[in-house]
Every structure is written in C-alpha cells, then in structure tokens.
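Chains as they are written, first to last, in numbering that gives the first Met the number 0: chain A, 0 to 227; chain B, 0 to 252.
These are calculated hints, taken from the structure and not from any lab test. Treat the numbers as computed from the prediction; the structure is a model and nothing was measured. Ideal Cβ placement from N, Cα and C applies to all residues, glycine included.
Now the stretches of chain B that chain A is said to cover, found in silico as 3 or more residues with beta-carbon under 8 Å:
hint, stretch
1, 179-187
2, 243-250
The list that follows gives simulated cross-link-like pairs (lysine to any residue, SDA-like), each with its CA atoms no further than 20 Å apart:
hint, chain 1, residue 1, chain 2, residue 2
3, A, 22, A, 10
4, B, 48, B, 140
5, A, 158, B, 232
6, A, 158, B, 235
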Amino acid sequence: MRDRIAIALAGAAAGLLAWNLYKMFLVLPDEAMQGPIFRILFFHAPAAMVGMTGYFVALVLSILYLSSNQLRFDALAASIIEVSLVFSLINIVTGSIWARIIWGVWWTWDYRLTSQLVCILIFAAYLMLRRGIDEPTQRARLSSALCIFGCIDVVIVWKSIEWFRNLHPGPVLSIRTGGGHMDPAYERVFYWNLLALLLVGISLVLIRTRQEATAREIDSLRRLAHAQ
Amino acid sequence: MQHERLLLGEAKTPERLARPAFTLATPLRELVQAWWIARKDLAIELRTKESVNAAGAFAITILLMFSFAFDPTEAENRAYFGGLLWLVFAFAGALIFNRGFARELPNECLDALLASPLSPSSLLLGKAISIFAMLVLVEFASLLVFGVFYDVRWWRHAGPLAGVFLLATWGIAVIGAVFGALTVNLRLRELMLPILVYPVLIPLLIAATELSGTLFQNQPFSSDQLLWVRLLIVFDVVFTALAAALAETILLN
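Construct all of the structure, not just a fragment, from the sequences and the given hints.
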C-alpha cells in the first residue's frame, strides 16, 4: 500500500513539475529587472521551504521518539532529514547560480547564506553520527538529541532575513509582505512548484522509510541469529 | 515483529530508580550537585593540569602561527583580531571539552556517577561549569599574550570585553559539555566531536567575533551590535535549558 502511495505521489509530482516547467518557460515572461534567471527562484525558495519544513517535522518526530521510545519515529525522522538535506543543497546550489548572474559572485558571506550552510553541516553531522553508532536505541536517542539542538539553527536560517542586514533579498511572498513585491502570476507558479517539490519530498521519504524499515528488520534478524 | 521490538529496546524495560519529586528546592539542589562535580573536576585539573596546559600551549601556538599569515602591526588588520581570537578559543576549547567526559571513562567512573543519586542534569551542568572555568583561564592567558604579540590594548575595554567573553565562553562550555557527553561512548569520539560542535557553535562565534572585533578597534557598540549581545544571551539561555532538559537522554544508556 505504501509503495502505491509513493508511486502515486511521485507520478503526481512529475505531472505537476512538467506543467510548472511549461508555465515557467513558455507562458510567463522574463522578469523586468532580473531577466530569465529569475525563474530559478521557482526552485530555489521552494526547495528551502521543503527542507526547513522537513527539519521541523523531524524535530517533532525526535521529541516523539524520546517520549515514546518507538524506533519508527526515529527512522522517519532520519529519512526526512536525509531528504531535507538534499533540498537544502538544491537551495544552496540554485542560489549560488542566481548570485553569480545577479551579484557577480558564486558566494557571499551573508547571514542567510552562512546560516543555511551551517544548517547543512549540522544535519550532515547528524547523518555521520548515525553511521558511527551501531546500537539502534543509542543511535536513535543521541541523534534525536542532536536534531533538537540542530533545529535552533533552522530558526536562525528562517528569521535571519528579518534579524540581520543582509544582501539576500527579504521576504517577497504576499502572505508575509501583504503583497506588492511579486506579480500574482509568478506567485501562483511559485506555490504550484512548492507543492510539486513537497510531493517529490514526501515520495522520497516514503521510499527511504521503507528502506530504513527493511534495514531494521535485517539488523534485528542478524542480532537474533547471533543471540542463538 | 515482537523479536524486533525486544531486541531494539522498544519493549517495556524495568523502571529506573525513582528520582526525588520536583520541588522549589530542586534547582538549588541541582546547582549544589553541579558545583560538587565542577569542584571535583577542577581539583583533578589542578593536580594534573593536563587540559589547561595543553589548551593554553595550543592557543599560544596558534596565535603565533596566525602572525605569519598577516602582519599583526598593520592597523587595518585589527578588524580580524576578534575572529582570530575566537577561532583560537574554539580550537583550544576542543582540547578541554574532549577531556570533560572522557576523563570519567577509566575505571567506569562515568557509570558510577550515573548510578549515584546525582541527577544527569547536574552532572552535565557541573561539567559545563568546570569547562567554563578552564576556558576562562586559557582565554585570560591567551589575551595577555595576544595583547603583547599583536599590540592590542584590550584592557581599555576590559568591562564590556569581560561581559562578551563570559557570555560566549558559557555558551561554548555548555555546547562542549553536551557534545562531549553525546560522543563519550562513540568509537570515533575524537573525530565526531569537532564535526558536531563547530557547526552548532558558529552563531555564537559570529556574535562574539563581531563584538570583540568592535572593541579591539576601540569603537563603541552600535545599536545593530546590541542584537549580537541579545543573540549571545538567548543562545546561552536556550542551550543551557535544552542541555538540562536532555541531560538524561544524552547520558543514560
């Protein structure tokens, strides 16, 4: 059943992405100030949003694991963090390409960019920590604690464009600014692409969770075989 | 799937020994217990001097090595002094907090401490206090050498500088204690500790660097920089609270 849901979601995401690409490249005109490169925003910001949502969901799952000791919460949190990390990397890479065209540099030590890079390093360390611990409950316990500490940086990434003077553009979506910063036609495509990337993320998490459950089953059988 | 649940520790395990119920006296009792742990660690350090000597020597060596990278006497390079100093403290600090919990491994001392009536949060807090005291000592010694080598008259701003140093050092000490505890039983402890600690410390190091750099350039804090002071305070409060809340999770096997 889970496989079918994953396939259905992936199919819906592929269809939606194809439709969004058609709208982005063949329907919407170039942005007046930035030109064609503006279209990268349709992937850059939604990737960051999907990534950050994933970290917060993983935070909730880590707290749930610590209060219930059920390993399925930990497995789900780890799967979500892996997928979120991929989306954060997409965010950094697309942002870098945009910066090269608009600012003339691949990277600048802006607080938003730096905190996002730190976020990637923290959650990459989370995955390394998991690989360094063989015992499943110890792995789940310590990685849940690290996830809780790591999510503080996610808050800093999220709020950095409001707290600090940045080169990174401020909020542009009408839900945060009240409108006037982005053309409604652009904004519609932006939200549709956010949905498409969210569906891609959820289907990847479902596939990854299944792999994690299989790995746990193999691990428990191996331990059972050693115990007998 | 019952075998999986049993082997992976999800099935019910016997309750641990009940800890005293939370009362108004609990925070005070925890602080007293934390002080005992810190006093024990500082007494050991006073006899062996293994962490402070190593961290102090390491800090001074890095300060010396940085002087090859750029000319310390040029006025425009003063803007980098804050960052330089906090990098030195962060690297030297790793030597101190690496030893924090690892010191308890021989003779199963950590297990004995965990089996004692001490609460895990007071154990973690005690370790943070001892790391804090050792770091402050190393920072003060480094600052003296830094003043001479780099011709910085830091004592003109001794008050604000002390405030920044104490706030930032407490943050480093808490994070160091937490991740020292988290990695103490890992195979790759020495490898994992810096990978885990430094990314989490970066916001704190940026704030400390911005504030110290301003003071080393003999400038007052602007209203923008008060944001960094707030960030240091929030960082300290949030991480101390989280460390106390998660101490049992981190420490108990």
